[in-house]
Amino acid sequence: MSAASAASELALDLPPRPSSVTSARHAVAQWAGAFGYATGDIALAVSEAVGNAVVHAFKDRDRGTIRLRGHRRDEHLVVVVSDDGIGMTPNLDSPGLGMGISLISKLAAEVRVDSNEGGTSIVMRFARPASESAGP
Amino acid sequence: MSPKPPLEVTIETRSLGQDDAAVIRAKGEIDLATAERLATALASPASAKANALLLDLTKVRFIDSSGLRVVMVAMRDFPRLAVVFAEGSPVERLFELAQMLDRVPCFRSEEEAIAALMDGHP
Chain A
29 MSAASAASEL ALDLPPRPSS VTSARHAVAQ WAGAFGYATG DIALAVSEAV GNAVVHAFKD
89 RDRGTIRLRG HRRDEHLVVV VSDDGIGMTP NLDSPGLGMG ISLISKLAAE VRVDSNEGGT
149 SIVMRFARPA SESAGP
Chain B
58 MSPKPPLEVT IETRSLGQDD AAVIRAKGEI DLATAERLAT ALASPASAKA NALLLDLTKV
118 RFIDSSGLRV VMVAMRDFPR LAVVFAEGSP VERLFELAQM LDRVPCFRSE EEAIAALMDG
178 HP
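Line by line, the protein sequences are chains A and B.
If you count the first sequence from 1, position 70 lands on 98 in my numbering, and the numbers rise without skipping.
If you count the second sequence from 1, position 95 lands on 152 in my numbering, and the numbers rise without skipping.
Just so you know, these hints were derived from the structure itself, not from any lab.
From the three backbone atoms N, C-alpha and C, an ideal C-beta is built for every residue, glycine too.
Check the hints yourself; a few may be wrong.
Stated by the list, open to error - These stretches of chain A come out as covered by chain B in the derived footprint (C-beta under 8 Å, 3 or more residues):
hint, region
1, 46-56
2, 92-102
3, 131-144
To be verified - In silico contact screen, one side only, chain B against chain A (beta carbon under 7 Å); selected entries:
hint, residue
4, Ala90
5, Asp121
6, Ser122
Kindly generate the complete structure, drawing on both the sequences and the hints.
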């Protein structure tokens, strides 16, 4: 695992294993919290996105990378979870509920999913709730 | 970075009068890395021989769909189920997002849940 966290940007590369869900969630919560954002929904969205990658992206492979990136854009936080796995394919053996993307779409102001045989990328934009004060 | 989040799961049995309830309490974070611990508790001998299940999630600081899946397994396996969590908690937030609040028998305290289980509701 390698991490490079700057004041305004978040960058974390993770292996495809369950503990990476925890690591990514804690990292994004710390990063978003430093800007004054409510972290609960952002952490949940990232937990779902990284969990999807761990479970689905690397079938029959034990190597790969899940990338977590974040940056500020105006009054928004943009968080990207991407992987170099096999892309989205039907998985009848999935242990999940298939709720990940559905939940993310309810948590983020905007979501974009790109998937092909080179991997999957989930781009999430979070707006600062109107009641929150500006962060550093 | 952080290792596995701590999730403590305990099981005990409480009498409901003629029946017994398994009381499973979770404390910590429930995600892909830890949900299996809760699932294991559900499948334990203490749970299997109980007539009802009380799942106390009051001290859960985080839960995602991995944990929701375990709750749904509990709903399938325990017709007499009570789930306890606090108002405004991460558990309530997830249930709300997943449109599960009306489908899960929810209570605010173990006492309230035990009383409902003893009365046969749920």
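query: Does Ala90/B pass the interface check with chain A, least Cβ-Cβ distance below 7 Å?
result: Check passed: Cβ of Ala90/B comes within 4 Å of chain A, closer than 7 Å.
message: Checking hints one by one. Is Ser122/B an interface residue toward chain A, by the C-beta closer than 7 Å rule?
response: holds, 5 Å
- prompt: the region 46-56 of chain A covered by chain B? Criterion: 3 or more residues, Cβ-Cβ distance below 8 Å.
  reply: holds (count 8)
query: Are at least 3 residues of the region 92-102 of chain A within less than 8 Å of chain B when you compare beta carbons?
result: violated (count 0)
- request: Confirm or reject the coverage of the region 131-144 of chain A by chain B under the rule of 3 or more residues with a beta carbon closer than 8 Å to the chain's beta carbons.
  value: Holds: 3 residues of the region 131-144 of chain A have a Cβ under 8 Å from chain B.
message: A closest beta-carbon separation below 7 Å is what the hint needs, so does Asp121/B meet it against chain A?
response: holds, 4 Å
Of the numbered hints stated above, the single one contradicted by the structure is hint 2.
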